[in-house]
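Asker: Residue numbers (my numbering), protein chains in the order written: chain A, 1 to 325; chain B, 1 to 325.
Note that these hints are calculated values from the structure, not bench results. Even glycine gets a Cβ: it sits at the ideal position worked out from N, Cα and C.
So the derived label-pair ranges between C-beta atoms look like this:
(1) B:N280 <-> A:K81: 48 to 56 angstroms
(2) B:V323 <-> A:D103: 34 to 42 angstroms
(3) A:N38 <-> B:N202: 33 to 41 angstroms
(4) B:K76 <-> A:D103: 33 to 41 angstroms
(5) B:V295 <-> A:T117: 50 to 58 angstroms
(6) A:D103 <-> B:N202: 13 to 21 angstroms
(7) A:T264 <-> B:T315: 13 to 21 angstroms
(8) A:D300 <-> B:Y102: 30 to 38 angstroms
(9) B:R167 <-> A:K81: 52 to 60 angstroms
(10) A:D103 <-> B:N280: 43 to 51 angstroms
Per the computed footprint, the stretches of chain B lying under chain A, defined by three or more beta-carbons under 8 angstroms from a beta-carbon of chain A, are:
(11) 144-153
(12) 190-201
(13) 306-319
Each chain is listed here by its residues.
Number of protein chains: 2
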Amino acid sequence: MKRKIIDTLKSSAGKFVSGEYIANELNVTRTSIWKNINSLRKLGYDIESHIKLGYKLNKIADVLLPAAVQSGLNSKIIGVKDNLIHHFSVDSTNNLARKAAYDGAADGTVIVAEEQTGGKGRLKRKFFSPPGKGIYFSLILRPKCLPKDAPKFTLMAAVAVANAFKRFNLPAQIKWPNDIMFDGRKLVGILTEMSAQIEQVNYIVVGIGINCNVKRDEFPADIRDVAASLSEINGENISRVDLFRAILEELDKLYGVVNESGFTEILKRWREFNITLGKNINVISAETGDTFTGVAVDIDDDGALIVQTDDGLTTVYAGDVSVRN
Amino acid sequence: MKRKIIDTLKSSAGKFVSGEYIANELNVTRTSIWKNINSLRKLGYDIESHIKLGYKLNKIADVLLPAAVQSGLNSKIIGVKDNLIHHFSVDSTNNLARKAAYDGAADGTVIVAEEQTGGKGRLKRKFFSPPGKGIYFSLILRPKCLPKDAPKFTLMAAVAVANAFKRFNLPAQIKWPNDIMFDGRKLVGILTEMSAQIEQVNYIVVGIGINCNVKRDEFPADIRDVAASLSEINGENISRVDLFRAILEELDKLYGVVNESGFTEILKRWREFNITLGKNINVISAETGDTFTGVAVDIDDDGALIVQTDDGLTTVYAGDVSVRN
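Next up, chain A with everything else stripped away, as it sits in the complex:
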């Protein structure tokens, strides 16, 4: 509906359109039009209203509509043509993407939303996803690989986002396995899910959430000290459309590299961006629930973290790490 309202206002080319006309066109009530206009304003659309004349669109918002994102997009499969699906509000883009993948969505399909009402993070955490303030999307991949290779696509996604950040002179520090950090706080979270047989991955869904233009006091109190937003860094709002386009391009490029020649280049780039290796860290293993400390030595060929503890080397496949001061 929001999409249709925007289209109607756009097609009037800067003239007022009456609420009654829009309501008739869309076959909904005028109250519904009014509510949706208000939602669009919150997303940044400058829509003028006049008690008699109706509504007029003065300025479109920085909204991740395919027409805007795909304009000038340099990508082979990821996010091209029908591979980019936009929603204004969803519970979780990963939920939609899993459903779409189950129903046969193509390799490289991207589902992006302005808002997630039930955004999910790793280890059953929530991901705060207020409307128009971040980039929340899920990418469906259908690589020919074994389930044990899936974690490396998470590293690939982190490197792609880091590469895109670099293009905008934004800092790109990756904490193992795939968080992107600023000032010790999280800018980007990645949640990877898969459906697989023992012999073959059916599909991987890589969910990526980026805090773009969230003001410090807009974060919920319980994550305010651990979350960061890109707008903090330069002190100004960034263009979500431009950044999202760059991320899709980088994902497409790296996915091409992986399909061509494996993960060697990804692991190399990951090591360059990482802020975990060489540090004293606390580890909470997702596998055993154990907590221990040690020095992060390296990642292995599967992307697992190798930690030197007092008892020798140990490999962490999944878990949470934090750098010790």
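With the hints as your guide, set chain B onto chain A.
Answerer: Below, chain B without anything else, positioned relative to chain A:
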């Protein structure tokens, strides 16, 4: 509907029931009743028909209805109470199980069918599943483990079936990873699928297909030389209900062991049943598509096959092996 017809005939306690009465009770046509009665006969129900009196049930069939299977079942969670769902005909029990798991089905839920019209095997093969001649079921597990541990549940399933076979003095030879063989031909196929995050398996679906009472010439020509049926071994039909109950009990027992103390016992038992280790084998790797030969040395802690080739030791995570003569 078949279930209701059986119940109606059973409740008449050996007397004839008219087709018209059953049709009215079930609110369907008499033709539909007649068709379903014929299907039930194919499953082994002895239903007498009389042109005036109607139908009479003389003998129930060896059909995997919960009432029969759960009678005397010694199991903690697998297949107990609502955890056993029976269908007469489905496309694939794994498809139903994945859907049920997605919708929240409990740990230990079993979906069994008399017939699969689109039975699936490993590596995108079909699994021949004619009505009433085999045991075709899928087990939903929700273990707390990483995706890399999932293949071991496949080995667990193979060992459970082998244990159950032993109880009936049936031979139990496991070919890596999980086929159960007789005379070099396949008796049992297992197809394991999963949904997972990097940190945690959401659910595993273990699909098990067992050829019970299929005559040699009933197998399609293209698999006749590679498939075997339990009835060949003793020369008589086996009770599917009794065997299925035993398999559920063995699965339940081993799943308890795994949750209590991991896979050590499973791997030990698997080695006892296996017919692959120590043999000269041909390998088709599912990972690379490569074909090579070598000696199967052992399985590692993750259940992967270690093969000694001319170039040294190599680990096969997924693929097809055949013993060389």
